[in-house]
Amino acid sequence: MPETAELRSQRTETQEDDPIELLYSRGLTDGLPVVPPTEARVKRMLEATDRDPQELIGTIGPNYGRATIEKIAINAVMAGCHPSYFPTVLAVVEAACEDQFCIHGINVTTFSASPMIIINGPIRQQIGVNCGHNAMGHGFRANATIGRALRLIIINIGGAKPHEITKATMGHPAQYTFCVGENEEESPWEPLHVERGFRADQSTVTLFGGHSPLQINDHASRNAEQLALSLGWTMAGLWNHKNFPLFSDTVLVVCPEHAKTFKQDGWSKNDLRQFLYEKIRRPLRELRPGVNGGEGAGVSMLRTDAKKDREPATDDTLFPKFPKPENITIIVAGGTAGRFSAAVQGWAGGNAGSKITTKVI
Amino acid sequence: MFLDPTDKVERSQKVFAPRLDTLQGKTVGLLDISKSKGAFFLDRVEEILRQQYGVKDVLRRMKPTVTRPAPQPIKNELQEKCDAVIEALSD
Chain A
1 MPETAELRSQ RTETQEDDPI ELLYSRGLTD GLPVVPPTEA RVKRMLEATD RDPQELIGTI
61 GPNYGRATIE KIAINAVMAG CHPSYFPTVL AVVEAACEDQ FCIHGINVTT FSASPMIIIN
121 GPIRQQIGVN CGHNAMGHGF RANATIGRAL RLIIINIGGA KPHEITKATM GHPAQYTFCV
181 GENEEESPWE PLHVERGFRA DQSTVTLFGG HSPLQINDHA SRNAEQLALS LGWTMAGLWN
241 HKNFPLFSDT VLVVCPEHAK TFKQDGWSKN DLRQFLYEKI RRPLRELRPG VNGGEGAGVS
301 MLRTDAKKDR EPATDDTLFP KFPKPENITI IVAGGTAGRF SAAVQGWAGG NAGSKITTKV
361 I
Chain B
362 MFLDPTDKVE RSQKVFAPRL DTLQGKTVGL LDISKSKGAF FLDRVEEILR QQYGVKDVLR
422 RMKPTVTRPA PQPIKNELQE KCDAVIEALS D
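Chain order of the listed sequences is A and B. Residue numbers 1 to 361, in our numbering, belong to the letters of the first sequence in order. Residue numbers 362 to 452, in our numbering, belong to the letters of the second sequence in order.
In short, the hints are calculated from the structure, not lab data. It cannot be assumed that every hint is accurate.
Here are the computed lysine to aspartate or glutamate pairs in the EDC-like style, where the Cα-Cα straight-line distance is at most 20 Å [what the hints assert, rightly or not]:
hint: 1; chain 1: A; residue 1: 167; chain 2: B; residue 2: 448
hint: 2; chain 1: A; residue 1: 167; chain 2: B; residue 2: 393
hint: 3; chain 1: B; residue 1: 424; chain 2: B; residue 2: 452
All chains should be modelled from the sequences, with the hints used to inform the complete structure.
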């Protein structure tokens, strides 16, 4: 931060209280203890940037609180971030504040959506982002605290507290933190940020409004087609087994061993996306309400069906699970042993929901 | 000592509109938030409002998407033309 800059946040004296308990009592945590944001700690965090602490990055719904550099730093301290993570946290908040990401809706939907953060580029090694074994799990400070910083910002600046304005029906543990680095070194494909128009030597964060990951086992398939069918038919249950087509995006996290199988058969990411779009289909007769369950086919499909200017669907009409191939985002992450990939189901997508958003760090 | 992590920007004080004594002869807005079956639910609400409560007029509006707040023009219109507004959360 500039040497002349001053911090403007209100100070609370805590000599007689345990500061951790005081922060709990004021409803300023995610349920876990936080690091007390002392002035010294916040200033150390701010030393990681030349930007003015009062610069506004954006506002966070539902309360549209102002996410200034200073407020972001305070929450990053509370989350346990090392100052070297701060530029990444700022990029995460910039992405979250983009209108197309629709953080307001993500924070208040009953669906239990939460931002998934994907980190690409050299920053991964520089600050120790885990991309390998346990890539989406515990054990690494950068992953744990960068994701948690965004959660605390959502709570403390956005005002999204459960039982108050946040009414997620179920919630999930990844709401505490959901930050993964792409294992670019084990990927046969170009990494996500390059695919999205950035240079390989740039570092980026990509935000995806989604739910918890669903792990998909396939230890048997030895060719790309068999493996893709395993992944796809497991993903066919996302949202509900009758949500054909989905009205959201999906992130498919391919483990390195599965990625090798696709590489061996020369499949590109687009080949995999196109295959899933074409093969994972079910006839309308199986998607009717009351057939193996009360839920009917996807809302978007029924609306399409109702349009008079289109060919009406018959019971034999096959509907795809994925609305378009490009609704599937593919990354590689995880350890080099084990044939477990994962799918992260998205919240409502497109113009009526949240669009995947990337920012340079 | 710790620094406040929340946004303490001054906000305009929200004041509730005056409560209505009766719905008789009033105009009521019904805002469909664009979830499935919203129209089904609000059709019944409108019927009850007209038949049992004698409202003069019902103004039906719909958000373009469930995921975002209502556009300002819709909010302005409901505020200007209605004595009361009911926002539907359906599914």
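- Message: Of all the hints numbered above, which does this structure not satisfy? Sort the numbers upward.
- Response: none
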